[in-house]
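*Asks:* For what it's worth, my numbering labels the leading residue of the sequence shown as 8, then goes sequentially.
Because the hints were derived from the structure by calculation, they are not lab data. Each residue gets a CB set at the ideal place from its N, CA and C atoms; glycine is no exception. The reader is advised that the hints may include incorrect statements.
[Claimed, not checked] Each pair of labels, with its calculated beta carbon distance range:
1. P58 with K137: 31 to 39 Å
2. Q227 with S82: 16 to 24 Å
3. S82 with S59: 22 to 30 Å
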Amino acid sequence: MVPGHFSTKRMSIIEAIDVTKIYIMGEIVVHALRGVSLTVERGEIIAIMGPSGSGKSTFMNVLGALDRPTSGTYSLNGQLIADRSDDELALIRNKEVGFIFQTFNLLGRHTALSNVELPMRYAGVTSGRKERAIAALEAVGLGDRIHHRPNELSGGEQQRVAIARALVNDPAIILADEPTGNLDSKSGSEILDLLHDLNQSRGTTLIFVTHDSEVAARAQRIIRLLDGKIVEEIGVEV
Numbered sequence: 008m009v010p011g012h013f014s015t016k017r018m019s020i021i022e023a024i025d026v027t028k029i030y031i032m033g034e035i036v037v038h039a040l041r042g043v044s045l046t047v048e049r050g051e052i053i054a055i056m057g058p059s060g061s062g063k064s065t066f067m068n069v070l071g072a073l074d075r076p077t078s079g080t081y082s083l084n085g086q087l088i089a090d091r092s093d094d095e096l097a098l099i100r101n102k103e104v105g106f107i108f109q110t111f112n113l114l115g116r117h118t119a120l121s122n123v124e125l126p127m128r129y130a131g132v133t134s135g136r137k138e139r140a141i142a143a144l145e146a147v148g149l150g151d152r153i154h155h156r157p158n159e160l161s162g163g164e165q166q167r168v169a170i171a172r173a174l175v176n177d178p179a180i181i182l183a184d185e186p187t188g189n190l191d192s193k194s195g196s197e198i199l200d201l202l203h204d205l206n207q208s209r210g211t212t213l214i215f216v217t218h219d220s221e222v223a224a225r226a227q228r229i230i231r232l233l234d235g236k237i238v239e240e241i242g243v244e245v
């Protein structure tokens, strides 16, 4: 197993306070986020929902340190994001965030093992890299598929490779953008079960960005966005 960081003590892993994001495209000004505030505790499962144009993708980019807020404060695992350089943001993303995408984003010419090793390559890890990648693939049930390339794997297996890649650097959070969107219902359910098992066994914080009500139903809280604002928060954890 890849080393985890489970703790029974709940601590804030994300603190977003009055976050705005404005895009200027020529004479057009787009207010993608309008004063969004959100706190996520370590080990929580959160679903972010909303129609197209609601600000979900922009908020995901801010939460994943892919973009900086225009104003407001965003802290990821105690690190303020706004004033970091591009290189510093890249390091923070690689260490703190595991990304899972609807389209898997695997390198087609690389084996499952090589795909999972990539985040460690970017982090400059040399010692034990192969062993950690194998352990991550075993953790998602693909110990017998490590030398297969993406086109030799089913959609569900490709998403398991993507989950192993997201886990291998032991990130503070996993940010999953429509993780079951390209899967059949059986494979999608298996992927959700796997992610929830990881949450229970390791205390991994999960943030789903999704249109899928079945995905959202697995969350402890549902955050609904509309026109760049949080308009509803339901399903408080008991």
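*Asks:* Would you mind marking each hint as holding or not holding in the structure?
*Replies:* Status of the hints after comparison with the structure:
1. P58 with K137: 31 to 39 Å: Cβ of P58 to Cβ of K137: about 44 Å, so the range 31 to 39 Å is violated.
2. Q227 with S82: 16 to 24 Å: This hint holds: roughly 21 Å between Cβ atoms.
3. S82 with S59: 22 to 30 Å: Roughly 28 Å apart at Cβ, these two residues keep to the hinted range, so it holds.
In summary, the structure is inconsistent with hint 1 from the numbered list given earlier, while agreeing with all the others.
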